[in-house]
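Peer 1: Below are the chains, spelled out letter by letter.
Protein chains: 2
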Amino acid sequence: MSVLVVGSTALDSIKTPKAENPRLLGGSASHAAVAASFFSPVKMIGIVGKDFPKRYLDLYRKHKIDISGLQIAEGKTFHWSGEYEANMNNRRTLSTELGVFENFTPHLPEGHKNSRFVLLANIAPSLQHHVLDQIKKPKFVIADTMDLWLNIALSDLLTLLKRVDAFVLNDSEARQLTDEENVLKALKKIHRLGPTYVIIKRGEYGSILSGPSGLFIAPAFPLERVVDPTGAGDSFVGGLLGYLAAASGPIEKNLRRAIIHGSATASFCCESFGLTRTSRVTSADIKNRVAQLEKMVRF
Amino acid sequence: MSVLVVGSTALDSIKTPKAENPRLLGGSASHAAVAASFFSPVKMIGIVGKDFPKRYLDLYRKHKIDISGLQIAEGKTFHWSGEYEANMNNRRTLSTELGVFENFTPHLPEGHKNSRFVLLANIAPSLQHHVLDQIKKPKFVIADTMDLWLNIALSDLLTLLKRVDAFVLNDSEARQLTDEENVLKALKKIHRLGPTYVIIKRGEYGSILSGPSGLFIAPAFPLERVVDPTGAGDSFVGGLLGYLAAASGPIEKNLRRAIIHGSATASFCCESFGLTRTSRVTSADIKNRVAQLEKMVRF
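Listed in order, the protein sequences are those of chains Y and B. So for the first sequence, the numbering used here puts the first residue at 13; every next one is plus one. So for the second sequence, the numbering used here puts the first residue at 13; every next one is plus one.
Just to be clear, a hint being listed does not mean it is correct.
[Claimed, not checked] Within a straight-line C-alpha distance of at most 20 Å, the following computed DMTMM-like cross-link-like pairs (lysine to aspartate or glutamate) qualify:
(1) Y:Lys197 with Y:Asp183
(2) B:Lys307 with Y:Glu264
(3) Y:Lys307 with Y:Glu216
(4) B:Lys197 with Y:Glu97
(5) B:Lys200 with Y:Glu264
(6) B:Lys27 with B:Glu283
(7) B:Lys265 with Y:Glu306
[To be verified] With the C-beta cut set under 8 Å, the calculated list includes, among others, these residues of chain Y facing chain B:
(8) Asn99
(9) Glu193
(10) Asn194
(11) Val195
(12) Leu196
(13) Tyr217
(14) Ile229
(15) Gly261
(16) Lys265
(17) Arg268
(18) Met308
(19) Val309
(20) Phe311
Just so you know, the hints here were simulated from the structure itself, not pulled from any lab data. C-beta: ideal position from N, C-alpha, C; glycine also.
All chains, please: the whole structure from these sequences, using the hints.
Peer 2: Written as structure tokens, this is what we have:
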């Protein structure tokens, strides 16, 4: 089944201790859509400006991503610029130019409204709501977020959480949202906000899923060289939902393997800037890392 | 088969944001020996002062720990005092009074010298060497350490690493020892220092083993309430070696399950101050947590 992805479509200028890369293809929707495309057909919703390079539209097309819901508007594409510290875990935003995103209202083409698997990738919760409003009968909705929305759009986010099946956030966001240092207590509090499934991302330590059949502790694929982790969380959730939409049988049965596939997909994202590495990945590459992960956790 | 444990035997005064507990039974050897005792007979080497409470000797005896190698010397027992921050991960030492440890020379009773499984728990590397010198034909030697020895006894530690089969350290110590932020690079560098097996402890995120059959990513048992993590690392390695000494078949085959048993044992240590919880644990309790961990990582 196909996956509908809404999120940001951006140009990212990324600085690490070792290199600097201007105007890469970025944004949560770009990373998530490409990651999902390895498993399922993908429809993407977003907005870019007239300055958006044609080669990036070609990249979406190469991954057979349906961009009929991508608006190309007068003005400049959303541009984010950030810098990573030596440990590649801490990053700071240098600048954010919203551009065409400032007046974005996501409109779903008619055919998109029947989507069953919906990924509300990181974007303002009001826009996530707006997309969800247009979907007729979703089967599984997963939402991601970021600290910014906890700070400036918390009430929108809280109402959104009552409408989604699964919520993905990272550990520091979970602490911020729940005021709990302990991950189990945080998970419980987040369940009470609505989602049946909660997934807390822990960077290089993997992730933890909490749902009706208990906890699942998932590893991250260990990498010897992390070049640029931007978009890894988006790739993770994209790969996860892409796998889930393609798998047969109940969600509950497939979710753990979906997380592992998300984890494997995200690992490629970290190995080069932007989508450079991910866009050259094959299904066989992902399967290979999933098989390696299986060996690494077996006892 | 029995396990020989050498390490510190101490009184710990521990302060957390919620409580303060003076003069608890502590020290790396105490934690490791009790943890190992759930799986194998244990012989413990250490030193305490005349002030060492009889109830703590009784606790060792309750766990059938052979304390014929525990010296009881004129003077005061080693006393450590520390404080944890709210997240229970960061701690600082308030005071260290070496007491009888200042002049400790470990002497092995004759029967101890035939020990096959040797745990060099955290203690000065020169003392770890001294114990190893007295062992006739060890089968598997595992060493633990702490940042202090990296700072003040690095050359002793480096020669020790050439004599051990396995080396256990935590992630910050691994970074300090190798000057590598990346865990895979750090593991490779540590292998080059000698040990066939390297285990990096990552606190609540579990641990990672590197050895001839690749990597093993092991979870920590998730806890809703961490009361006092002091000694968890010692319990981990104690449980690990206790399990290994009791298991039949090659080390390589048993090591992953040994780590999981160490992890389960260590989780109890965190649930109360000092050895309060661990000393009330049963083998069935540990098996139960191992079974839960199996469910939590399966996919």
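Peer 1: None of the hints should be skipped; say for each whether it holds.
Peer 2: Hints, verified against the model:
| no. | hint | verdict |
| --- | --- | --- |
| 1 | Y:Lys197 with Y:Asp183 | 12 Å, holds |
| 2 | B:Lys307 with Y:Glu264 | 14 Å, holds |
| 3 | Y:Lys307 with Y:Glu216 | 18 Å, holds |
| 4 | B:Lys197 with Y:Glu97 | 18 Å, holds |
| 5 | B:Lys200 with Y:Glu264 | 38 Å, violated |
| 6 | B:Lys27 with B:Glu283 | 15 Å, holds |
| 7 | B:Lys265 with Y:Glu306 | 16 Å, holds |
| 8 | Asn99 | 5 Å, holds |
| 9 | Glu193 | 5 Å, holds |
| 10 | Asn194 | 6 Å, holds |
| 11 | Val195 | 7 Å, holds |
| 12 | Leu196 | 4 Å, holds |
| 13 | Tyr217 | 4 Å, holds |
| 14 | Ile229 | 4 Å, holds |
| 15 | Gly261 | 14 Å, violated |
| 16 | Lys265 | 11 Å, violated |
| 17 | Arg268 | 4 Å, holds |
| 18 | Met308 | 5 Å, holds |
| 19 | Val309 | 5 Å, holds |
| 20 | Phe311 | 4 Å, holds |
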